[in-house]
Amino acid sequence: MFKAAINAELLKDAIASLAVIVDEVRFKIKPEGISVKAVDPANVAMGIFELGSSAFEEYSADECEIGIDLNKITDLLGIADRNDTVRMELDEGSNKLLIDVGGLSYTLSLLDPSTIRAEPRVPQLELPAKVVLNGADLRRAVKAAEKISDHMLMGVSGDTFYMEAKGDTDQVRLEMGRDQLIDLKAGEACSLFSLDYLTDIVKPTNKVNEVTLSLGRDFPILIDFEIANGAGRISYLLAPRIESD
Amino acid sequence: MFKAAINAELLKDAIASLAVIVDEVRFKIKPEGISVKAVDPANVAMGIFELGSSAFEEYSADECEIGIDLNKITDLLGIADRNDTVRMELDEGSNKLLIDVGGLSYTLSLLDPSTIRAEPRVPQLELPAKVVLNGADLRRAVKAAEKISDHMLMGVSGDTFYMEAKGDTDQVRLEMGRDQLIDLKAGEACSLFSLDYLTDIVKPTNKVNEVTLSLGRDFPILIDFEIANGAGRISYLLAPRIESD
Amino acid sequence: MFKAAINAELLKDAIASLAVIVDEVRFKIKPEGISVKAVDPANVAMGIFELGSSAFEEYSADECEIGIDLNKITDLLGIADRNDTVRMELDEGSNKLLIDVGGLSYTLSLLDPSTIRAEPRVPQLELPAKVVLNGADLRRAVKAAEKISDHMLMGVSGDTFYMEAKGDTDQVRLEMGRDQLIDLKAGEACSLFSLDYLTDIVKPTNKVNEVTLSLGRDFPILIDFEIANGAGRISYLLAPRIESD
Chain D
1 MFKAAINAEL LKDAIASLAV IVDEVRFKIK PEGISVKAVD PANVAMGIFE LGSSAFEEYS
61 ADECEIGIDL NKITDLLGIA DRNDTVRMEL DEGSNKLLID VGGLSYTLSL LDPSTIRAEP
121 RVPQLELPAK VVLNGADLRR AVKAAEKISD HMLMGVSGDT FYMEAKGDTD QVRLEMGRDQ
181 LIDLKAGEAC SLFSLDYLTD IVKPTNKVNE VTLSLGRDFP ILIDFEIANG AGRISYLLAP
241 RIESD
Chain W
1 MFKAAINAEL LKDAIASLAV IVDEVRFKIK PEGISVKAVD PANVAMGIFE LGSSAFEEYS
61 ADECEIGIDL NKITDLLGIA DRNDTVRMEL DEGSNKLLID VGGLSYTLSL LDPSTIRAEP
121 RVPQLELPAK VVLNGADLRR AVKAAEKISD HMLMGVSGDT FYMEAKGDTD QVRLEMGRDQ
181 LIDLKAGEAC SLFSLDYLTD IVKPTNKVNE VTLSLGRDFP ILIDFEIANG AGRISYLLAP
241 RIESD
Chain F
1 MFKAAINAEL LKDAIASLAV IVDEVRFKIK PEGISVKAVD PANVAMGIFE LGSSAFEEYS
61 ADECEIGIDL NKITDLLGIA DRNDTVRMEL DEGSNKLLID VGGLSYTLSL LDPSTIRAEP
121 RVPQLELPAK VVLNGADLRR AVKAAEKISD HMLMGVSGDT FYMEAKGDTD QVRLEMGRDQ
181 LIDLKAGEAC SLFSLDYLTD IVKPTNKVNE VTLSLGRDFP ILIDFEIANG AGRISYLLAP
241 RIESD
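Chains as they are written, first to last, in our numbering: chain D, 1 to 245; chain W, 1 to 245; chain F, 1 to 245.
The set of hints was computed from the structure by calculation and includes no laboratory data.
Among the hints, erroneous ones may be present.
Each pair may be met inside one copy or between any two copies, as identical chains are not told apart.
[Said to hold, decoys possible] Below 25 Å or equal to it, Euclidean Cα-Cα: the simulated SDA-like pairs (lysine to any residue) are: (1) Lys-30 with Asp-159; (2) Lys-130 with Ile-242; (3) Lys-143 with Glu-89; (4) Lys-130 with Met-176; (5) Lys-166 with Ser-53.
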């Protein structure tokens with residue numbers, strides 16, 4: 001059993017944060033909320049998604065797992081007004097999700113969860129440095145780096161967080177000191193990341209006040225922020241690239 | 001003789017409602033206004049257009065017929081500001097239309113009406129059901145249906161008007177009861193229509209308060225609404241598709 | 001030595017006015033400001049650009065010449081907010097320009113000026129007619145002409161300035177009398193210009209109050225207006241086309 005109602009804009013944003021990683025996902029539904037863990041097809045980026053029941057206007061659920069094509073949901077939500085309420089109900093017999101938005105009733109066939117890549121194990125990482133910054137600052141640095149290169153260095157040096165991209169001839173660097181950051185835990189950290197992935201991942205951060213980055217030396221980065229006004233959370237784990245120079 | 005002046009925005013909207021059916025049309029000009037009847041090249045959709053002289057700021061005309069390339073007019077009106085006045089005068093000797101918009105004088109060669117498909121005969125149909133609804137509701141249902149399928153069922157069942165589209169696995173349905181509609185004349189009606197055509201036809205309805213649909217059982221649909229603040233009217237007649245299941 | 005700070009929007013607009021002519025330019029830097037003279041690869045249009053030191057928030061420079069790829073600068077400025085200050089400093093040793101925008105530090109490799117086409121000689125022309133008009137009027141006429149043809153006649157006849165484009169069947173003409181113009185110096189003038197070039201050149205004039213056109217009979221046109229709130233000036237010299245009819 002699963003029956004829920006949620007604001008359309010809020011669901012759209014939550015789905016968008018997942019869709020940057022994968023197209024088809026297993027939603028793990030529990031009485032306390034919905035969670036997803038997924039890796040991208042190339043095994044470079046992982047998304048860990050949690051949306052608590054308090055994000056919903058109505059929510060009642062037994063434990064179950066459903067398979068969703070995120071593109072279809074995104075498409076359907078494109079019709080909704082931002083203040084519409086989206087009502088969902090699982091029809092277990094037919095394996096369909098009934099979705100009602102502003103008078104329109106959708107009957108969405110679900111995917112068989114067993115055909116979707118299994119939930120990955122989240123590695124336990126010791127990431128010594130932590131940086132909390134405004135999402136718009138992060139996005140701006142990534143956009144600037146894209147103009148120059150296809151990868152970007154991120155690190156902490158003393159009390160300064162930095163992002164740097166080098167092209168064949170040009171270079172861009174952003175440095176933020178402790179006073180420009182929301183929080184900083186100093187630690188040895190410097191890793192190189194693919195901008196292909198970073199660009200997608202930071203897209204939803206533009207409206208986010210606090211994004212937490214956890215970093216190490218040639219280690220994955222953990223990019224982490226609240227969604228749904230604090231009722232949910234998305235974390236991305238992105239593998240580093242090996243520096244070739 | 002034909003000489004007229006009209007608000008640019010109003011003319012743009014009127015032309016746009018015709019352009020969804022055909023590119024080249026015969027304008028029938030009379031002292032009381034302008035009318036067009038045209039079918040699309042595939043004989044699936046017909047447009048019946050009327051723009052009374054009261055839609056114009058100035059209007060004086062003898063009976064005549066001119067051939068117009070709607071794409072050219074649309075292009076030229078693209079330069080106009082929405083509050084500009086468009087002045088038109090027919091130069092019968094040279095078969096040109098002189099158009100003046102905000103100081104720019106266009107000389108537009110007219111098409112020979114005899115090279116344009118003749119005005120079609122409008123079939124007399126007995127369409128038992130009639131639905132009056134808000135144009136934005138109609139457009140929204142058609143946009144939702146497009147996500148799912150390339151055709152759409154429209155019908156009346158008891159006191160309910162419904163639109164439904166079925167894809168290979170998914171389905172969308174909008175039901176509107178008598179109290180959600182502006183008016184309803186119940187009657188047996190259920191026909192299937194191509195979304196290729198419906199999408200174009202409902203595009204101009206977004207700003208229209210009242211759209212009248214006349215429906216029957218496997219019969220054409222008549223989609224009908226006012227243009228030019230009531231000084232004109234456009235009706236579309238769209239042939240049904242045969243249901244294949 | 002070259003060190004300067006300038007409003008991002010102002011620099012963006014100034015660069016855009018140059019970029020319609022060429023991609024790579026030699027900036028001539030002097031204590032009193034920056035100047036550029038460049039011709040397009042086909043030798044049809046010339047741009048003469050001047051940006052005085054008063055356009056800058058800070059400015060100090062010795063005489064020097066640097067080679068710039070305008071596309072790169074445009075790209076970088078795309079990240080800036082309109083009220084950001086852009087700080088630039090020349091690093092002569094490495095032949096790089098250090099650019100700082102809102103905390104982001106770019107290191108931009110400069111081009112070797114000797115690899116860029118030398119500054120052209122500006123021909124001394126006797127252009128008998130002069131027209132001063134609003135930039136938006138000019139742009140509107142050019143946009144209308146594009147719908148009809150790929151070249152455009154511009155001239156002065158008595159006290160009237162006119163622009164005219166003829167297509168195979170259609171024609172558009174704008175006439176502006178002395179009272180609709182900001183200023184007019186009558187003189188024999190009528191020349192034909194390629195709309196490919198005019199379209200680009202008039203793009204920046206949309207926000208410009210006064211554009212001065214200097215014209216002759218089958219002569220180049222000089223299109224001239226202030227940039228940077230009067231602290232700079234851009235002039236375009238466009239060669240005429242030979243009328244083929």
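Results of checking the hints against the structure:
Within a single copy, Lys-30 and Asp-159 get their C-alpha atoms no closer than 42 Å, and across copies no closer than 40 Å, so neither meets the 25 Å cut-off. Taking the shortest alpha-carbon separations for Lys-130 and Ile-242, only the intra-copy value of 21 Å comes in at or below 25 Å, while the best inter-copy value is 64 Å. For the identical chains of this complex, Lys-143 and Glu-89 are inter-copy neighbours only, at 23 Å across copies versus 40 Å inside a copy, given an alpha-carbon limit of 25 Å. In this assembly of identical chains, the alpha carbons of Lys-130 and Met-176 lie at most 25 Å apart only when taken from the same copy (13 Å versus 54 Å across copies).
In the homo-oligomer, the alpha carbons of Lys-166 and Ser-53 never lie at most 25 Å apart, since the shortest distance is 44 Å inside one protomer and 32 Å across protomers.
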